[in-house]
Every structure is written in structure tokens, then in C-alpha cells.
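Chain residues, written in single-letter form:
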Amino acid sequence: MTTTIDAPRTPIRPAPKKGVNWEKWGWIYMRASGVVLVVLIFGHLFVNLMVGDGVSAIDFAFVGGKLSSPFWQWWDVAMLWLALIHGSNGMRTLVNDYSRNQTVGKILKGAIFVSAVVLIVLGTLVVFTFDPCPAGAPADLVASFCPTS
Amino acid sequence: MTATVSRKSQGGSFVSLKTAGTPPITQSGPKRPAGTLYRGREGMWSWVLHRITGVAIFFFLLVHILDTALIRVSPEAYNAVIGTYQTPIMGLGEVALVGAIAYHAYNGLRIVLIDFWSKGSKYQKVMFYVVIGLWVITMLGFVPRHLINVFSH
Ligand code: HEM
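Protein sequence lines correspond, in order, to chains V and G.
Residue numbering for the first sequence follows our numbering, beginning at 1 and increasing consecutively.
Residue numbering for the second sequence follows our numbering, beginning at 1 and increasing consecutively.
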């Protein structure tokens, strides 16, 4: 019995002859964002889990202190966008690999796309509209720099 | 029909595009084919772990953005949800999470080196053990300190 086996990595659809090769840019994005994410995520974990009392020191006042500085705002937003796009593009690869049914695959990829967009918008709005000293909040729950009313 | 396996590759080289699909080389050596870069041994298991950790981190990230969004609702709402992260059980979960992230990060850098460094695929096995070594060092630095933070508060 003879079986023809495609060469390894033979694409299901060949890359377009003209126009943008999105799969190639996705591949490059996974690597470029990965390298940046190592710095952003290790920094994030170190500051939140290793410095001081670690996880047991995290509360509204702690996050309020961090997010009142543009440095951490941009750090968190960069991490949010890079990680969600990297993660959802990675999940798309898994759906391409494992889903055997075109319709199911399309639904799953649609769900991944929608959740990524919703969470990117939500997270970005939270970081930039956040008020570390909300009016009427108890003084012992907010950052020490908040004016005591 | 079995895939063609080059005898000398103990995990070092690819099945070449030309030989894939042609009848197998008659083997006189080991009964079981040795691994290729992505089949069996370090190459495959590093990938399996990379995939599992990637998916796990993705689902954590979905939840983590939602819980952090409560910071915009009220101090009480945020403190309530973050309080659940400070329990012993979640403390152990955070050890697993950091372990998954550290592996995925170091092995991700290994993938980048395999793809862009001219000697990358030659040293992919060595680099896998470097990944494991860095992971052990990272966890030795993180786990004791984290568990003290979790269990002494
Ligand atoms: C810490 C820094 C990170 C690095 C260096 C990194 C690196 C990589 C690399 C190089 C790939 C392979 C892409 C390919 O083969 O085309 C990958 C895949 C993947 N990554 Fe990451 N990544 C990181 C963080 C993350 C995060 C935070 C998530 C989740 C939100 C994530 C989820 C995934 C997923 C789901 C895949 C697909 C796995 C697969 O195709 O087998 N990664 N990562």
C-alpha cells in the first residue's frame, strides 16, 4: 500500500502570492511579543509577589499606588495588549490543529477573538480611567497619598 | 506507512523535505526510530509542555483581567476578590501558575533561538536542559518566599 505523506509543514492553504502574508507576521509576532513579555511579566511578578510581603500585601491601596503612576499604567497596558494578542493567536493555532469541523473551528476562533477584544478594551479603560482616591471611600482602604476628607 | 527517520539523528535533524513520503530506509540499527527535532524525546516534550502551559496561562489571564477590573468598581469589591488570592489553596495555585509561566517564558526563548540562531537546532537539546535548570533556580528563589508570605499572614 502506498500512501503519500505531505512534506512536513505543508500549508493547508499556500501563502498568498500578493498582499500581506498574515500567517508569517503572526509567526513573527509570537516571537517578538514573547521576548518583550518575558521582561514585562517577570517584572510584574517580581513587584507583586516577591517585593515586601508579596501577595498578602496586595489590596486596593497597593494597586492604587501603582496605577497612579504613568510608568505602571503603560507597563500594565503594554502587558495587557501583548499578552492577550499573543495568547489568543496561540489559541487560534490550537483550534487549527485540533478542530476537525470547520463550523466548530470558526465558532471557537470567533469566541477567542471576541473575548480578546472585549478584555483588551475593558483592561485599557480600567487602567486609564481608574481613580485611586474615589470620593467617599474609607481612608483606611485607599492609598496613603489620598486627601483625607 | 511509517515516517522516514534518518538513523544518525538522535534528536538533532529534521526529516528532510525530499525524504518525507519516500519508502523508509531499511534500518539495521535500533528497533525503535530515534526522535527528530519535533518527534519524541526533548523536542516533543518541550513542545507538549509549552502548549499546556500556554493554554493554562491564557485561561488564567482571562480571569485575572476580570478580577483586576473590580479595582474600578470599589475598594471593597477589589479587596474581596484579591482576598481569595491570599488563601493557602490559592497560594499553592500561584506556585503552579508561576511555574507554568517560567517554563513557557524560558522555553519560548529557546524556540526563538532555535528559529533565529544558526546553531539553534544543533543545541536544542542542551537548551532544553538549560530551560529546566533556569526553571529550577527560579522556583527555588520564588517558592519559599511566596509560601512564607502566604502562610505567615
Ligand atoms: C513570558 C513570555 C512568553 C514567551 C517568551 C512566549 C513565547 C512563545 C512562543 C515562542 C510561542 C510559539 C509560537 C509558535 O510556535 O508560532 C508561544 C506560543 C504560545 N503562547 Fe507564549 N510566550 C510568552 C507568554 C505567554 C502568555 C502570557 C500566554 C497567555 C496569555 C501565552 C500563550 C501561548 C499560547 C496559547 C501559545 C500556543 C502554543 C502552541 O502553539 O503550542 N504565552 N509562546
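One or more of the hints may lead you astray.
To be verified - Think about it this way: if two alpha-carbon atoms lie no more than 30 Å apart in a straight line, the pair counts; the simulated DSSO-like pairs of lysine-lysine are:
1. 66/V <-> 125/G
2. 109/V <-> 17/V
3. 24/V <-> 109/V
4. 24/V <-> 119/G
5. 106/V <-> 17/V
6. 122/G <-> 18/V
7. 106/V <-> 18/V
8. 106/V <-> 24/V
9. 109/V <-> 18/V
Unchecked claim - Ranges between beta-carbon positions, derived for each pair:
10. 70/V <-> 41/G: 30 to 40 Å
11. 51/G <-> 35/V: 14 to 24 Å
12. 64/G <-> 128/V: 11 to 21 Å
13. 68/V <-> 136/G: 30 to 40 Å
14. 68/V <-> 90/G: 34 to 44 Å
15. 68/V <-> 66/G: 38 to 48 Å
16. 51/V <-> 87/G: 42 to 52 Å
The set of hints was computed from the structure by calculation and includes no laboratory data.
Even for Gly, the Cβ is constructed at its ideal location relative to N, Cα and C.
Status of each hint after checking the structure:
no., hint, result
1, 66/V <-> 125/G, "violated (41 Å)"
2, 109/V <-> 17/V, "holds (25 Å)"
3, 24/V <-> 109/V, "holds (18 Å)"
4, 24/V <-> 119/G, "holds (22 Å)"
5, 106/V <-> 17/V, "holds (24 Å)"
6, 122/G <-> 18/V, "violated (34 Å)"
7, 106/V <-> 18/V, "holds (25 Å)"
8, 106/V <-> 24/V, "holds (20 Å)"
9, 109/V <-> 18/V, "holds (25 Å)"
10, 70/V <-> 41/G: 30 to 40 Å, "violated (48 Å)"
11, 51/G <-> 35/V: 14 to 24 Å, "holds (19 Å)"
12, 64/G <-> 128/V: 11 to 21 Å, "holds (18 Å)"
13, 68/V <-> 136/G: 30 to 40 Å, "holds (37 Å)"
14, 68/V <-> 90/G: 34 to 44 Å, "violated (27 Å)"
15, 68/V <-> 66/G: 38 to 48 Å, "violated (22 Å)"
16, 51/V <-> 87/G: 42 to 52 Å, "violated (21 Å)"
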